[in-house]
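> Sequence:
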Amino acid sequence: VQLQASGGGLVQAGGSLRLSCAASGSILGIKAMSWHRQAPGKQRELVASVLAGGGTNYADSVKGRFTISRDNAKNTVYLQMNSLKPEDTAVYYCYTEIVSLPGQVNRWGQGTLVTVSS
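First residue of the sequence shown: 1, per the working numbering; consecutive thereafter.
Because the hints were derived from the structure by calculation, they are not lab data. Here the structure is a predicted model, which means the values were calculated and not measured. Incorrect hints may have been included.
Below are the DMTMM-like pairs computed for lysine to aspartate or glutamate, each with C-alpha atoms no more than 20 Å apart in a straight line [what the hints assert, rightly or not]:
id : residue 1 : residue 2
1  : K42       : D71
2  : K63       : E45
3  : K31       : E97
4  : K74       : D60
5  : K85       : E45
6  : K42       : D60
7  : K31       : D71
8  : K63       : E87
9  : K85       : D60
Modelling step: build the complete structure from the supplied sequences, incorporating the hints.
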């Protein structure tokens, strides 16, 4: 089972980016999917998560600006980021809980860099 993240880049403050993370391999189902980020010199933090049933959770710092969604048919999770701020600059990682054979497999994506200029 592998994750492939994409969509990072350089954007000006106030701009938008959309991150994608697709899971591939032996997948029977996917439980929670989430995005995390790690800024230079800081610990990795949870940005947003979405459960299999669609329930979502957001860090206070991104509420109202970011939207997490998932396409179960494509085994893909998205993060729509609007009104970006310089403090959103970080490497963004996706994380998924995958039901596979012989059991659950938890995977991190490779990370995609988001840089927001002021």
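> Taking the numbered hints from earlier one at a time, note which ones the structure violates and give those numbers from smallest to largest.
1, 4
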